[in-house]
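Chemist: Sequence:
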Amino acid sequence: MTELTADEGLELFDTAVRRPVPAQLPAHLDPMAIRERADGVPSLLLGLVQTAAPAARRGATRTAAATGVAQGPSLAQRLAGLSGEDREHAVVDLVRTHVAAVLGHAGPEAVAPDRPFLEMGFDSLGAVELRNRLKSAAGIPMPATIVFDHPSARALAGWILTETASEAGTDTGEGGHGSALPGSGEGNPAGRGRDAAGESLSALFRQAIDRDMLDQGVAILDLAAGLRPTYATPADLPELPSAVRLASGPQEPALFCFPSPAAMGGAHQFLRIAGALRGKRDVSAVPLPGFADNESLPATFATVVEGCARQIRAAAGDKPYVLLGYSAGGIFAHATARFLEQTGTGPRAVVLLDTYHPKTEGLVGLIAQMFAGLFEKEALFGPFTNARLTAMAWYGQLMEDCDLDGITAPILFARPRDWAGDADTTTATDAWRTSWDTAHTVVDVEGDHLTMVESMAHRTAEVIDDWLTSLD
Numbered sequence: 001m002t003e004l005t006a007d008e009g010l011e012l013f014d015t016a017v018r019r020p021v022p023a024q025l026p027a028h029l030d031p032m033a034i035r036e037r038a039d040g041v042p043s044l045l046l047g048l049v050q051t052a053a054p055a056a057r058r059g060a061t062r063t064a065a066a067t068g069v070a071q072g073p074s075l076a077q078r079l080a081g082l083s084g085e086d087r088e089h090a091v092v093d094l095v096r097t098h099v100a101a102v103l104g105h106a107g108p109e110a111v112a113p114d115r116p117f118l119e120m121g122f123d124s125l126g127a128v129e130l131r132n133r134l135k136s137a138a139g140i141p142m143p144a145t146i147v148f149d150h151p152s153a154r155a156l157a158g159w160i161l162t163e164t165a166s167e168a169g170t171d172t173g174e175g176g177h178g179s180a181l182p183g184s185g186e187g188n189p190a191g192r193g194r195d196a197a198g199e200s201l202s203a204l205f206r207q208a209i210d211r212d213m214l215d216q217g218v219a220i221l222d223l224a225a226g227l228r229p230t231y232a233t234p235a236d237l238p239e240l241p242s243a244v245r246l247a248s249g250p251q252e253p254a255l256f257c258f259p260s261p262a263a264m265g266g267a268h269q270f271l272r273i274a275g276a277l278r279g280k281r282d283v284s285a286v287p288l289p290g291f292a293d294n295e296s297l298p299a300t301f302a303t304v305v306e307g308c309a310r311q312i313r314a315a316a317g318d319k320p321y322v323l324l325g326y327s328a329g330g331i332f333a334h335a336t337a338r339f340l341e342q343t344g345t346g347p348r349a350v351v352l353l354d355t356y357h358p359k360t361e362g363l364v365g366l367i368a369q370m371f372a373g374l375f376e377k378e379a380l381f382g383p384f385t386n387a388r389l390t391a392m393a394w395y396g397q398l399m400e401d402c403d404l405d406g407i408t409a410p411i412l413f414a415r416p417r418d419w420a421g422d423a424d425t426t427t428a429t430d431a432w433r434t435s436w437d438t439a440h441t442v443v444d445v446e447g448d449h450l451t452m453v454e455s456m457a458h459r460t461a462e463v464i465d466d467w468l469t470s471l472d
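First residue of the sequence shown? That's 1 in full-length UniProt numbering, and the numbers climb one at a time after it.
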């Protein structure tokens, strides 16, 4: 357990008094330190860390020592004398070693180089721990979302190899491995190489939020977004992003999840829901392009929808599927469902998680209140770069004039019971609570706008799974 700052303590106290829970213990916990306790993991904390048998931990530690990841020369120095192919093998083994340690395997041989991390059972704590381990071992900064940006040991090793070579001023000779998943928001994960303009843009927007000047802050982002390159159709892209598999299971239909098009959005928003459904049904995330450095933005709302439809058809094939959208991602899920219905076989159903209709009265004010905690997420998901902030503003513009026509598929509309903003911003009339006129089923779930996909995600997943089962 590590020390809380005064600001963190006050913020956690404010959060605690708003939650209807009788006893709460705010604390900073270090999963790695908990796991390495000589007397084992306390039973109270078993749900917070993934543990390995002592022999497995010793095996992983011995392997780490053999590869020199904890001490000695830097990774760049160790790779300097190796050929291109040997460098790649060395870094792949490094990544596999740390993945094995996090997941509790006896050694790296248990980690297939091309198997997606998320299919191995990574949760949000595991993703952060893997980032911390690799950041220390490789000596380069990287975000907590690295598991999503480079979703296998080989892909992640390619990115590390490229970054390490860049640090040393050498050529990897392995072109292509270091590219991020389109739409992941982490083409330049640690913000390294960002110019002053990008950093100033984030600072200006932060100041606007702090001074209750959201309109002016968004106007700055809108202007910057207008300077970015765009593409008219998915065919204009060198490669269409692929859906990211988060969980697997035998039941149908499969679930395709649309993240919120916000600076903090991405596949990670569905990690806990996917974890609750692992072993039951396939769950995948649909990346939205434009959130990574060097990615172009979709020119129109229709451009986004067509691209998402292509991703889903490529991944689903002939099997039945359901579209799920969280927050504003639900707008794109709903629109994509209509496009799919008009151009072929549509989804079996649509699930909307606290999605506000773009025509909702007073929406700007509600967004302003929820924006207050935006930058608190930066430490976890990586810096809000120029690309991420301008993409958020661009998608906001695309949604302003979109028309959401009716769809044939049944709709589950799940909304939280609690308000996500400060306690003094709630109203007696519950004006913040949203609705969806064409929903077939409306359910209030535990938590607020954020916790319904975080700490209360298992409850949200139960509601989704039960409803999908009832459609059979």
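Be aware that one or more of the hints could be misleading.
[Said to hold, decoys possible] Capping the alpha-carbon separation at 20 Å, the derived lysine to aspartate or glutamate pairs in EDC-like fashion look like this:
1) Lys280 with Asp405
2) Lys280 with Glu119
3) Lys359 with Asp403
4) Lys359 with Asp318
5) Lys319 with Asp472
6) Lys359 with Asp401
7) Lys280 with Asp472
8) Lys359 with Asp215
9) Lys319 with Asp293
10) Lys135 with Asp212
11) Lys280 with Asp465
12) Lys319 with Glu341
13) Lys319 with Asp215
14) Lys280 with Glu252
15) Lys359 with Glu239
16) Lys280 with Asp466
17) Lys280 with Glu341
18) Lys135 with Asp210
Worth flagging that the hints you see were computed from the coordinates, not collected in a lab.
The model shown is predicted, which means the values in this text are computed figures rather than measured ones.
Chemist: Compare the structure with each hint and give your call.
Modeler: Here is what the structure says about each hint:
no.	hint	in the structure
1	Lys280 with Asp405	violated, 32 Å
2	Lys280 with Glu119	holds, 13 Å
3	Lys359 with Asp403	holds, 9 Å
4	Lys359 with Asp318	violated, 35 Å
5	Lys319 with Asp472	holds, 15 Å
6	Lys359 with Asp401	holds, 9 Å
7	Lys280 with Asp472	holds, 15 Å
8	Lys359 with Asp215	holds, 17 Å
9	Lys319 with Asp293	violated, 34 Å
10	Lys135 with Asp212	violated, 36 Å
11	Lys280 with Asp465	holds, 9 Å
12	Lys319 with Glu341	holds, 15 Å
13	Lys319 with Asp215	violated, 44 Å
14	Lys280 with Glu252	holds, 9 Å
15	Lys359 with Glu239	violated, 33 Å
16	Lys280 with Asp466	holds, 12 Å
17	Lys280 with Glu341	violated, 26 Å
18	Lys135 with Asp210	violated, 31 Å
Going down the numbered hints, you'll see the structure goes against 1, 4, 9, 10, 13, 15, 17, 18, while the others check out.
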